[in-house]
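Engineer: Each chain is listed here by its residues.
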Amino acid sequence: MAPTTPVQEHEWLIQAQRDRNPQAFAKLVAAHQGRVRAVLRKLTRGQQALADELAQDTFIKAWQALPGFRQDAQWSTWLHRIAYLEFLQHLRHRPMATGAAEASPATEAAASPAHELRLDLEKALAQLHPLETAAILHCYHGGLSHSEAAEVLGLPLGTLKSHLARGRSKLQQLLADWRPADQP
Amino acid sequence: MNQTAPHTASTPAQSPQDEWLDTLLLHDAQQTQESCSDADFVSAVMADLDAPAKPARGRPAYPVAAWAYRLLLGFEVLALAALCLSAPAALKAWLSFAQSPLDLSGLLKPDLLGFMAGLTLVALGAVELAKTGQGDFSLAGDA
Chain U
1 MAPTTPVQEH EWLIQAQRDR NPQAFAKLVA AHQGRVRAVL RKLTRGQQAL
51 ADELAQDTFI KAWQALPGFR QDAQWSTWLH RIAYLEFLQH LRHRPMATGA
101 AEASPATEAA ASPAHELRLD LEKALAQLHP LETAAILHCY HGGLSHSEAA
151 EVLGLPLGTL KSHLARGRSK LQQLLADWRP ADQP
Chain X
1001 MNQTAPHTAS TPAQSPQDEW LDTLLLHDAQ QTQESCSDAD FVSAVMADLD
1051 APAKPARGRP AYPVAAWAYR LLLGFEVLAL AALCLSAPAA LKAWLSFAQS
1101 PLDLSGLLKP DLLGFMAGLT LVALGAVELA KTGQGDFSLA GDA
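Residue numbers (the numbering used here), protein chains in the order written: chain U, 1 to 184; chain X, 1001 to 1143.
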């Protein structure tokens, strides 16, 4: 899919919000589904069906709440906030199993480096504090800035940065095997 | 997709030794995002867009507003206080009935009837509260 510009997205947002134009909203969904679903897939430790269900609920809630959306906030931040709250709501009723993520047989069969990295990363992320994981995922997989991620997680910016730094430090140890040989 | 390291101008960049982790994370992010972008998902969302809101997982099948929950909670507290205040009179009426159980009119004393009705209401309210639970009712609204 061709990358979209902020101006285009703003136009679609206006059309979806003021005119309740579903086609404009569909374009917004298409533009943002990758990041929202990627973050949810990682938060749910690779449970694709669950992540997609949460993502679908996120977009439907966003559509329903769109008339009340204030333009002073970033649309992507608002969307990720809804997605994160959806995830937390799910977690409240069905907590994730503790421990490392388990690979599905289909995933194990595909033993490419990319799949190995994904598995190792999921295992490593499962060992972090939930807020460290969430901070890393929103900054990298969600493509949010630190301040946006802090807003999504409902944390002060300094706290978000602390979680991010601690999470990165732990990941460096847990993923040491992936460090290139020429790096100290 | 904007695949740059998520550093803002206000935060220092990571040291060169740390860059491999950025590269790793961004590579995984890109792979995951690419595998998560498909037209079928957009179609599925659009198909459900105007459908009535699904009940939240594990929640009752009817929507409960936060104010309704708090109203019921407040009512429960008031009703419990009233029950505590009326308990001595109800106990007295019950003891009076127990002394002469053949006189069924003892069961119709207002003190006893009122207490029993209050107790039933409190029990029903407690069941509703237990079923509903305290949830976030304004998810999208306050985001």
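Keep in mind the hints are simulated off the structure, nothing from the lab. In this text, a Cβ means the ideal position worked out from N, Cα and C, and glycines have one as well. Be aware that a few hints might be false.
Stated by the list, open to error - On the chain U side, residues computed to face chain X include the following (Cβ under 8 Å): (1) Ala26; (2) Val29; (3) Ala30; (4) Ala114; (5) Glu116; (6) Leu119; (7) His141; (8) Leu153; (9) Arg168; (10) Lys170; (11) Gln173; (12) Leu174; (13) Arg179; (14) Pro180.
Engineer: For every hint, state whether the structure bears it out.
Structural biologist: Now the hints, each set against the structure:
no.	hint	verdict
1	Ala26	5 Å, holds
2	Val29	5 Å, holds
3	Ala30	5 Å, holds
4	Ala114	6 Å, holds
5	Glu116	11 Å, violated
6	Leu119	10 Å, violated
7	His141	4 Å, holds
8	Leu153	12 Å, violated
9	Arg168	6 Å, holds
10	Lys170	11 Å, violated
11	Gln173	10 Å, violated
12	Leu174	10 Å, violated
13	Arg179	5 Å, holds
14	Pro180	6 Å, holds
Of the numbered hints listed earlier, those contradicted by the structure are 5, 6, 8, 10, 11, 12.
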